[in-house]
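Novice: This is what each chain is made of:
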Amino acid sequence: MNTTVADDILHIPRKQTLTVPDTAQEAFDKLTHTVGTPTVADPKMQTSDVNVFYGEKQAIFDVNLDIGHKEVIAMIGPSGCGKSTFLRCLNRMNDTIPTCRVTGNMSLDGEDLYGADLDPVLLRARVGMVFQKPNPFAKSIYDNVAYGPRIHGLSSNRAELDDIVVDSLKKAGLYDEVKDRLDAPGTSLSGGQQQRLCIARSIAVSPEVILMDEPCSALDPIATARIEELIDELRQNYAIAIVTHSMQQAARVSQRTAYFHLGKLVEVNSTNAVFTNPQHELTENYITGRFG
Amino acid sequence: MDKLHLDQHISHQFNKELEDIRNKVLTMGGLVEQQVTNGLTALLEADNDLATEVVQRDVEVNKLEVEIDEHCTQVLARRQPAASDLRLIVTVIKVITDLERIGDEAEKLGRFSRDLIELKDDLPSYRKELRHLGELVKSMLRDSLDAFARLDVDAALAIAQRDEDVNREYETLERLLSTHLVEDPRQVSKLFKITWCARALERVGDHSVNICEYVVYLVKGRDIRHISFDQIRSEFIK
Amino acid sequence: MNTTTDKVRASLKKRYAAEKRFRFYGVFAIAASIGFLFILLVSIVSKGWPAFTQTFVKLDVELSSQTLGITDAPTASELRSANYGGVVKQSMRNRFPDVSSRGDKKALYQLISTGAEYELYDRVAADPGLIGSTLSLWVPADDELGALIKSKADLSDPDSISTRMSDKQIGWANRLQSTGELELRFNSTFFKNGDSREPELAGIRAALMGSAFTLLITFTLSFPIAVAAAIYLEEFAPQNRWTDLVEVNINNLAAVPSIVFGLLGLAVFINFFHLPRSAPVVGGIVLSLMTLPTIIISSRAALKAVPPSIREAARGLGASPLQVVTHHVLPLAMPGILTGTIIGLAQALGETAPLLMIGMVAFIVDIPESVTDAATVLPVQVFLWADSPERAFVEKTSAAIMVLLGFLILMNALAVFLRKRFERRW
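Chains L, Z and B are the protein sequences, given in the same order. Taking this note's numbering, the leading residue of the first sequence gets 3, the next gets one more, and so forth. Taking this note's numbering, the leading residue of the second sequence gets 42, the next gets one more, and so forth. Taking this note's numbering, the leading residue of the third sequence gets 86, the next gets one more, and so forth.
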């Protein structure tokens with residue numbers, strides 16, 4: 003036992019000799035490779051050498067990152083670090099931006115996301131997304147949840163659809179609050195309820211991965227706690243990637259944490275390691291609030 | 042990372058709070074070191090006044106511990122520190138616990154030296170035996186506080202290694218004192234007090250080692266407690 | 086008390102005064118607009134109101150086949166060419182046996198509108214069995230007499246009246262009035278007839294139907310085309326020079342003078358494609374060209390106003406681009422699109438110039454029954470009547486304007502109703 007721990011100590015990596023950067027550009031230039039363990043043994047999604055461009059401007063630089071089965075991976079970093087861009091590439095939501103260009107490999111269960119034979123519509127049914135602002139459709143609660151199954155033809159009759167809706171609402175922890183008013187407009191719910199409705203709407207399609215783009219940034223702490231609890235429960239069945247500005251939230255909900263800086267993936271490690279002993283100076287500076 | 046960069050937070054108030062805590066720990070360390078020195082002096086030179094002063098000043102050490110503890114709790118609650126800041130706070134909480142214990146050992150030295158003076162101790166030679174151990178332990182404590190102040194891992198590991206010398210010295214003393222006991226059983230109570238003093242000094246060494254281990258944790262983020270020193274040494278000390 | 090407080094306090098008075106002034110300007114502007122609108126409406130309604138009534142004269146008509154100049158078992162064509170005028174004149178002579186000179190008789194006949202003959206024909210044609218009987222009939226009076234009655238002039242005192250009618254005519258009218266054979270009634274003719282040279286026979290129906298047909302064409306052409314164009318440009322078109330060019334052109338098109346569209350219609354639809362002249366179908370096409378940019382621009386604005394988060398949500402669930410539009414974006418944009426459409430159609434409804442170019446200014450007596458029949462529209466009718474010299478056309482003009490406004494209000498009400506319906510579906 004002692005030897006393994008000691009071995010561990012033997013391999014304490016030296017931190018990259020980076021003091022607090024004078025300029026963002028300097029820090030950016032000095033970033034060469036990702037620190038930590040970007041790969042997992044059993045990946046659900048894999049990305050390697052991903053570069054994303056908006057026109058001439060490069061937003062993501064050589065990112066390699068795996069998302070494992072049944073894990074929550076948090077992506078943190080200062081604004082404009084590319085974490086949202088990266089997240090949105092994972093279900094090709096950036097396709098609609100005409101100037102956006104993605105290179106490198108991204109795959110879901112080994113299937114190339116940007117391959118010729120992969121339909122983005124099908125991909126989005128497998129990789130669901132929850133957005134920053136709760137954005138229920140201008141329809142009833144029932145229709146909001148039923149929308150995905152309807153367009154994909156997941157149910158053959160009304161009873162089956164009912165089951166899917168009720169099941170999804172239950173999984174999202176919203177059913178008890180809305181079971182008497184499924185016909186009420188989705189927009190009549192409170193912010194936290196709306197966000198859970200959006201989560202219910204995503205899981206109604208039975209996705210394999212759920213992407214969350216700052217899902218709690220518009221919510222109060224109690225609604226946030228509910229969503230976080232929900233994320234923890236959903237982890238039993240889905241791989242979840244969450245982008246968040248709240249480091250505490252990343253620390254609370256995730257198993258692994260990835261730190262992005264100016265489009266580069268600086269460090270990926272277990273959340274425990276990142277929040278107690280980050281390996282990279284930049285990560286350290288960011289999570290301790292030392293960003294200049 | 043061989044510096045904490047306590048002055049580089051976006052929040053100046055946070056900088057100040059952490060700097061405050063660190064300074065207070067160093068103050069407390071200085072006070073405890075003084076107490077040990079005074080306790081040892083009182084013991085070796087049978088200085089009753091100094092012994093009394095040491096006993097009385099332990100309250101100050103205790104007060105500082107409580108104060109720093111509260112500061113740390115507040116920072117935890119209000120700043121939710123992470124990474125090096127978190128390690129600093131955790132380290133400080135542990136360091137002050139050990140410092141307080143060292144303070145208690147110094148107080149013991151004070152009390153035993155008063156007791157020995159009361160007993161009209163005529164065995165100064167036995168007490169003199171404690172000088173070497175005392176000097177060893179004092180330097181260990183001072184160096185470990187230095188290592189904490191300078192975040193010097195190499196120094197911290199070297200200091201931890203010195204604990205073995207302390208232990209050897211203590212065992213030698215123990216043997217010596219038991220020989221005296223056999224030779225002159227009438228002195229049993231005095232000899233016991235002296236043994237207790239030796240024991241207290243040895244404990245100070247142990248606490249100093251703890252402080253060194255916390256320094257390694259603070260700087261490297263690895264907990265090296267309960268690991269054989271041979272293994273650590275081979276890697277850390279070059 | 087520090088200096089900031091003092092300074093703020095000193096400037097407060099000025100700021101409040103400025104606010105008060107601004108509010109006053111606002112209230113004044115609104116009051117002025119309401120005032121002008123009120124004057125306009127009062128002037129139109131007061132002028133146009135009389136047009137909704139008409140003076141009728143009671144005639145006992147003896148329908149002898151001899152006077153009509155037909156056989157006892159007349160054919161349809163005989164009925165059509167029968168001498169109804171003679172019958173009417175005869176009955177007037179019977180009513181006033183003391184009138185003998187040729188000139189007086191002619192003056193007497195002038196009291197009755199020529200419409201009496203058409204009315205008589207309609208009755209006989211509907212029931213040929215009436216021939217041989219004597220029919221008691223209210224027929225429209227001449228417009229001069231009508232105007233006199235409406236002005237409530239004292240017919241017993243001809244000197245007090247300024248009119249083109251002679252004293253004798255006034256005397257006869259007075260006799261008719263005193264025996265109750267002269268009456269003011271609701272003018273159903275105005276809503277039933279097409280245009281006419283005789284003011285008392287002129288009606289709005291042809292123009293109304295013309296407008297309705299034209300707008301129908303305009304709506305069915307411009308709404309789907311404009312909405313489709315707006316959706317494509319807003320949701321699907323790539324952002325490049327080509328679409329920029331299209332966008333600029335659409336915006337410019339909205340500013341093209343409408344007469345240019347008329348010229349285009351004349352050159353392309355009538356001269357090249359040989360579509361019928363003066364027909365609502367051509368008018369509708371021309372007006373939809375004019376309306377298109379308006380609807381496209383407002384539809385694009387409505388589509389743009391739909392929050393992008395809704396599109397993202399739908400796309401994130403795996404909706405295809407078309408599903409995103411039809412299921413989510415379009416329903417949310419519909420109220421805005423409808424508003425734009427109504428504004429465009431209202432513009433089209435009031436448009437005159439382009440229709441002049443394609444011959445919809447023609448004198449239309451027959452009510453159009455399809456989109457290819459010759460027709461005119463309400464604003465053109467207003468223009469025509471405003472141009473006519475007869476005094477009675479003044480009130481017709483105003484009445485036509487009232488009908489036009491009524492039509493507009495009806496359309497807007499429909500728009501509001503539709504908006505409410507779509508909005509209720511959140």
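Read the hints as simulated data drawn from the structure, not as lab findings. Predicted model only: the values in this text are computed from it and were never measured. Among the hints, erroneous ones may be present.
What the hints assert, rightly or not - DSS-like mimics (lysine-lysine), calculated; alpha carbons at most 30 Å apart, straight line: (1) B:Lys-389 - L:Lys-135; (2) B:Lys-237 - B:Lys-174; (3) L:Lys-181 - B:Lys-505; (4) B:Lys-505 - L:Lys-135; (5) L:Lys-141 - L:Lys-172; (6) L:Lys-173 - L:Lys-141; (7) Z:Lys-57 - Z:Lys-104; (8) L:Lys-181 - L:Lys-72; (9) B:Lys-98 - B:Lys-190; (10) B:Lys-253 - L:Lys-141; (11) Z:Lys-104 - Z:Lys-65; (12) B:Lys-237 - L:Lys-59; (13) L:Lys-141 - B:Lys-389; (14) B:Lys-92 - B:Lys-174; (15) Z:Lys-261 - Z:Lys-135; (16) L:Lys-59 - L:Lys-135; (17) L:Lys-135 - L:Lys-173; (18) L:Lys-181 - L:Lys-141.
Said to hold, decoys possible - Some chain L residues flagged as far from chain B (calculated, every beta-carbon gap over 10 Å): (19) Gly-106; (20) Lys-135; (21) Arg-228; (22) Glu-235; (23) Gln-257.
In this text, a Cβ means the ideal position worked out from N, Cα and C, and glycines have one as well.
Novice: Could you run down the list of hints and mark each one as holding or not?
Specialist: Checked hints:
no., hint, in the structure
1, B:Lys-389 - L:Lys-135, "holds (18 Å)"
2, B:Lys-237 - B:Lys-174, "holds (26 Å)"
3, L:Lys-181 - B:Lys-505, "holds (28 Å)"
4, B:Lys-505 - L:Lys-135, "holds (27 Å)"
5, L:Lys-141 - L:Lys-172, "holds (19 Å)"
6, L:Lys-173 - L:Lys-141, "holds (20 Å)"
7, Z:Lys-57 - Z:Lys-104, "holds (21 Å)"
8, L:Lys-181 - L:Lys-72, "holds (29 Å)"
9, B:Lys-98 - B:Lys-190, "violated (83 Å)"
10, B:Lys-253 - L:Lys-141, "violated (77 Å)"
11, Z:Lys-104 - Z:Lys-65, "holds (11 Å)"
12, B:Lys-237 - L:Lys-59, "violated (84 Å)"
13, L:Lys-141 - B:Lys-389, "holds (20 Å)"
14, B:Lys-92 - B:Lys-174, "violated (93 Å)"
15, Z:Lys-261 - Z:Lys-135, "holds (16 Å)"
16, L:Lys-59 - L:Lys-135, "holds (27 Å)"
17, L:Lys-135 - L:Lys-173, "holds (20 Å)"
18, L:Lys-181 - L:Lys-141, "holds (16 Å)"
19, Gly-106, "holds (22 Å)"
20, Lys-135, "violated (5 Å)"
21, Arg-228, "holds (20 Å)"
22, Glu-235, "holds (21 Å)"
23, Gln-257, "holds (24 Å)"
In this structure, the hints that do not hold are numbers 9, 10, 12, 14, 20, in rising order.
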